[in-house]
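Residues per chain, in single letters:
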Amino acid sequence: MGLPLFDAQSDPGPSFLRYAELAGLTRVPDTTDLSAHATTVVAVRFNDGVVMVGDRQATSYYVANRDVRKIEAADRYTALAISGSAARGLEFIRLAQLSFEHYEKMSDAALSLEGKANYLSPLIQRNNLSSQLVVLPLLAGWDTAHQRGRIFEYDGAGGCYERQDFSVIGSGSPFAESTLRLGFRPDLGRQEALELASLAIYEAADNDPSTGGPDFVRNIYPMMVTLTVEGFRELDQETAKTTFQTINDRRTQSGGVAGGTLR
Amino acid sequence: MSNFFYVAPEQLIKDRAEFAQKGIARGRSIVAAIYDVGVVLVAENPSASLYKISEIYDRLAFAGVGRYNEFDRLREAGIRWADGTGYTYSREDVDGRALANYYAQHLGDMFTEGQKPLEVEILVAQLGNQFRPTKLYRIAYEGTISDEEHFAVLGGDAETIKERFATLEVGHLALSQTLKNAVSALAGPDRQIPVSDLEVGVLEDRGDRRTFARLDDDEIGRLLA
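Just so you know, the protein sequences line up as chains A and B, in that order.
Note that my numbering has the first sequence beginning at 1, numbered continuously upward.
Note that my numbering has the second sequence beginning at 1, numbered continuously upward.
These aren't lab readings, by the way, just hints derived from the structure by calculation.
Heads up, a few of these hints could be off.
[Stated by the list, open to error] Residues of chain B clear of chain A, computed beta-carbon distances all greater than 12 angstroms:
no.	residue
1	A8
2	Q21
3	R28
4	S49
5	R67
6	R75
7	E76
8	A77
9	G78
10	N101
11	N129
12	S146
13	G156
14	E159
15	P189
[Claimed, not checked] Examples of chain A residues toward chain B, derived with CB under 8 angstroms:
no.	residue
16	L3
17	F16
18	L17
19	H102
Remember, it's a predicted structure, so these values are computed and weren't measured experimentally.
Here a beta-carbon is modelled for each residue, glycine too, at the ideal position from N, C-alpha and C.
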C-alpha cells in the first residue's frame, strides 16, 4: 500500500469509512452461510453511568465458542456490544474502534458520543441490507460533554434510538427484557444495576439455548462492564463469579423458580 | 514560433533545492530527541490549534516544518496509511520505517517531477518495543531519509540548533532535562521562549496501547521548572 494522498476534491476527510471505501479496504459480505451467532447483552442506566452485562457463548448448530467477548471498549468512554452474526459483529467492532480513533487523530478532537452513535447507523444499514449476516449492535458510553451515561440501540435498518432506561439485544432478549422491566428504577445504584443486569442475563441463559449462562465447570462467566466518569471498566471474572454464584444459590434454594420476585 | 531554452539538470536541481530551502527556512524549528524512556518532540509554535506535532499510530508520531498545508496533508496521509495497514493486517505490522520510506519516495517524486518541490521537512518518530528500535526518521524536502539514534532537528536553523543541543544533551537523559535542553537549544543564548509558544508531544509507555501524549502548558511549565 502506497501513501494514500488525495487531492482536495476527492479527499475523504477524517472519516475512516470513506477513506477505507476509496482505498478498497472494506470487504463486501457475499456469503449466506450459516455462521456462529446469538447473544444476550443488556445495558442498564444507573445514577452515575451505565452497566453492561453480556453472555459469552457463540452458537451455530452447536456451541461454537464458550468465551467470546461480545462487549468491547470502542474507545476510553464507549462500549460496543454485538448480536447476530459473530463474524460480521467482530468485524463491526474493529471498524468502529478504528473509526473513532482515526477521527480523533485526523482532527485532533474526539467524536461526541452522539456523533459515534450516528456514525454507526449507515454501517448497520449497509451490512444488514446487503447480507443475510445481520448484525445488531448496542452502544453505551459516558458522555463527557453532558456528564451522564447514555445508551443507544439500533433497529435492523440502522435506525438509532436513545434509551433512557435500559436496552437488550440478542436471542435471549424477551427473557432479559422482562426481568429488566420488572426490576428497573430510575434511581438504581451501581451495585443494584449490576445485580439486576446479571439477573437478566441469568434468566436469558435459563430460557434461551443460544445464550450461555455462568459456566461453573470451566470458570467462564458473563462479562460485566461499567461506563462512568472513569470511562470503560471491565470487572474481573472473580466479581462476575460471585455475582452469578449468589443468584445461582438463591435459585437452587427456591427449587428453580423465581417465586414471584426478582431473585 | 516558440523558443526552447535548455536548462542543465544540475541547474534545475539547484534552483529547486534553493526554492524549497527558502520556504522551509521561513518557519520555526523543531527538536526531536530520544530520552531515557521515550521520545519527545518540541516545536516553537505560537498557534495553539495549528499543530506541527501529532499522533500517527500507537507508537508513531509525526512532526513537520515548512508550509503548513503541505505537511498537514502528509500527516493525514500517514494516519490513513497506518490505520489502513493495521486494519488490513495487524497493529503490530505498522512500522515507522515503512512509513518513512513512503514519505521519502513521495517527497523525492515531488522534487524531481512535481510542479514545484514540497517546502517541508518532516520526521517520523518511533517508540521501540521488543520487535522494533526507537528511532527518529528525518525526511528532507528532496526525499533524503536519515535515521537518528539520539536526536534530530528540523527547520531552517537546524545546524546551529543541532550544535547547541549536542553540547547540552549528553546521553539519554530524563524527560525534564531533555525538554530543558531542547527549549534552550531552540531559543539560543539571547532569548527565552514563553511556555505558551511551545508545542510538546511525547511517546512513552504508560500501560496503554496508545503512547502519544500532548503536554499542556501546565505540564510543560512543571517540567521546565
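Checked hints:
no., hint, result
1, A8, "holds (31 angstroms)"
2, Q21, "holds (23 angstroms)"
3, R28, "holds (20 angstroms)"
4, S49, "violated (8 angstroms)"
5, R67, "holds (15 angstroms)"
6, R75, "violated (9 angstroms)"
7, E76, "violated (6 angstroms)"
8, A77, "violated (5 angstroms)"
9, G78, "violated (8 angstroms)"
10, N101, "violated (10 angstroms)"
11, N129, "holds (19 angstroms)"
12, S146, "holds (19 angstroms)"
13, G156, "holds (25 angstroms)"
14, E159, "holds (29 angstroms)"
15, P189, "holds (34 angstroms)"
16, L3, "holds (4 angstroms)"
17, F16, "holds (6 angstroms)"
18, L17, "violated (11 angstroms)"
19, H102, "holds (5 angstroms)"
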